[in-house]
Amino acid sequence: MLANYGYKDGSGDFFITIDTDKCDGCGACVEACPAKVLELVENEFDLDAETDVAAVTEEHKKKIKYSCGPCKPAHGYKTEDLPCVQACKPGAIEHSW
Amino acid sequence: MTEDYRMVKEGKGAEYWRWTESRWTNPDLDWKQGEVVSAGVDVGSVSTQAVVMVDGKLYAYSNMRTGSDSPESANKAIEWAFEGTGLTLDNLKATVGTGYGRVNVPFATKAITEIACHARGANFMYGPTVRTVLDMGGQDCKAIHCDEKGKVKAFLMNDKCAAGTGRGMEVFADLLGVHINDVGEMSLSVEEEPPPVSSTCVVFAKSEASGLLREGWDKEKVLAAYCSAMAHRIVDLLERIGVEKEFAITGGIAKNPGVVKRLAKELNIEPLPTDMDTQIAGAMGGALFARALYLKKMKKK
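Protein chains in written order, with the numbering used here: chain A, 1 to 97; chain B, 1 to 301.
Any given hint might turn out to be false.
Said to hold, decoys possible - Using 25 Å as the maximum straight-line C-alpha spacing, the simulated DSS-like pairs for lysine-lysine come out as follows:
#, chain 1, residue 1, chain 2, residue 2
1, B, K110, B, K245
2, A, K61, B, K93
3, A, K72, B, K160
4, B, K93, B, K261
5, A, K61, B, K296
6, B, K32, B, K149
7, B, K57, A, K22
8, A, K61, B, K301
9, B, K160, A, K65
10, B, K261, A, K22
11, B, K149, A, K22
12, A, K36, A, K22
13, B, K153, A, K89
14, B, K160, A, K62
15, B, K151, B, K93
16, B, K57, B, K76
17, A, K61, A, K72
18, B, K160, A, K36
19, A, K78, A, K22
20, A, K62, B, K206
Everything labelled a hint here was simulated from the structure, so no lab data went into it.
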């Protein structure tokens, strides 16, 4: 399941997409994120699931553009180099910007 | 004194946004004959629904405005759904709380996110062919992809701003002094479709609309401009996850043909019809999950 956390506003699309089928709930991304944007939660979309999945915290959902700002310098970056994406071995995390 | 001002002064019409609450009991079902009575309670930011199901069939529901106290709203909603049926909380085998206030349902067995519940509920209401569910709620807007079982495949939620939500429409109903139930039809009565208001933000859209009224636009035209702006905004949001057929709209805005028809036209997809109250989809999904949870628990024993 693709969970899109974030928003779209006048300045663009700001979404972190977590593929809950790929996420194994290891929590490496939670550790890696310097802004503490991610957390592990119960997988409410699959009642049979045994492991938790990563999700964007309630606190950061609506300001994700700014929360992720420090990892995204204006002079350029690649989304695949972001600490959360790097930390995720199964490749479950994507950024839209 | 203008007419609108007088109406507000006299205590009439100050509450154009007050949409109609409702309840319903299935006359063909008797819960005493059934085995599993389950319930779902969806405490939203604006409205609260309670759905009671007997063996997976819709038995009763209530749909009312959420008060300032979420647990109290949940209690009131379930009591209203029970009205005249003889049911009490003790008869419920399992209850799922969902929506914004899902952790505040005192009698719930479990809380489940409204995204999962809406997909499941829409699957029941519109049939298993539904692949995209657009829930236009009071203070948020969700687009959900689901499979033939109503299981979520992808979702996207906008709860950051009021554009494209029921609350935005309420603001316009109040501004124009048109009852919220009439907004949609009235917006469709324009001869020629006006350009949409340019602001996606409700606050700015409201000031833009005030300007249009001053320019001499009539109410119908301003409503048309807003409904089409809302439809446009939703199409924009849907772009991210795409729209797969069949397509269904749930939530309060689904009752507004002014937005639904414009949305259908812009997407070029006709939403599925239903004869049920579109606002109960979340609570319906909750009741279905509650039943599944109960059956699973029994199986384990």
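Structure-based check of each hint:
1. Distance check on the hinted pair: K110(B) and K245(B) sit about 31 Å apart at the alpha-carbon level, beyond 25 Å; violated.
2. A hinted pair counts as satisfied when its Cα atoms are at most 25 Å apart, and K61(A) with K93(B) does not qualify at roughly 35 Å.
3. Proposed proximity of K72(A) and K160(B) is supported: the alpha carbons are some 22 Å apart, at most 25 Å.
4. Taking the CA atoms of K93(B) and K261(B), the gap is about 40 Å. The hint is violated against a cut of 25 Å.
5. Under the criterion of a C-alpha separation no larger than 25 Å, the hint pairing K61(A) with K296(B) is inconsistent with the structure, at around 33 Å.
6. Taken as a hint, the K32(B) and K149(B) pair is broken in the structure, with Cα atoms around 28 Å apart against an allowance of 25 Å.
7. Only pairs whose Cα atoms come within 25 Å are accepted, and K57(B) paired with K22(A) is rejected, the gap being roughly 35 Å.
8. With a CA separation close to 40 Å, the supplied pair K61(A) and K301(B) exceeds the 25 Å bound.
9. Distance hint between K160(B) and K65(A) is fulfilled; the C-alpha atoms sit about 12 Å from each other, no more than 25 Å.
10. Annotation: proposed proximity of K261(B) to K22(A) is violated, straight-line Cα distance about 38 Å (limit 25 Å).
11. Between K149(B) and K22(A) the CA atoms are separated by roughly 21 Å; this keeps the pair inside 25 Å, and the hint holds.
12. A hinted pair counts as satisfied when its Cα atoms are at most 25 Å apart, and K36(A) with K22(A) qualifies at roughly 21 Å.
13. The suggested pairing of K153(B) with K89(A) holds, with an alpha-carbon distance near 22 Å, which does not exceed 25 Å.
14. A hinted pair counts as satisfied when its Cα atoms are at most 25 Å apart, and K160(B) with K62(A) qualifies at roughly 6 Å.
15. Between K151(B) and K93(B) the alpha-carbon distance is near 23 Å, which keeps this suggested pair within the 25 Å criterion.
16. Proposed proximity of K57(B) and K76(B) is supported: the alpha carbons are some 22 Å apart, at most 25 Å.
17. As the CA atoms of K61(A) and K72(A) are separated by approximately 17 Å, the hinted pair is consistent with the 25 Å bound.
18. With a C-alpha separation of about 20 Å, the suggested pairing of K160(B) with K36(A) holds against the 25 Å cut-off.
19. Under the criterion of a C-alpha separation no larger than 25 Å, the hint pairing K78(A) with K22(A) is consistent with the structure, at around 21 Å.
20. Taking the CA atoms of K62(A) and K206(B), the gap is about 23 Å. The hint holds against a cut of 25 Å.
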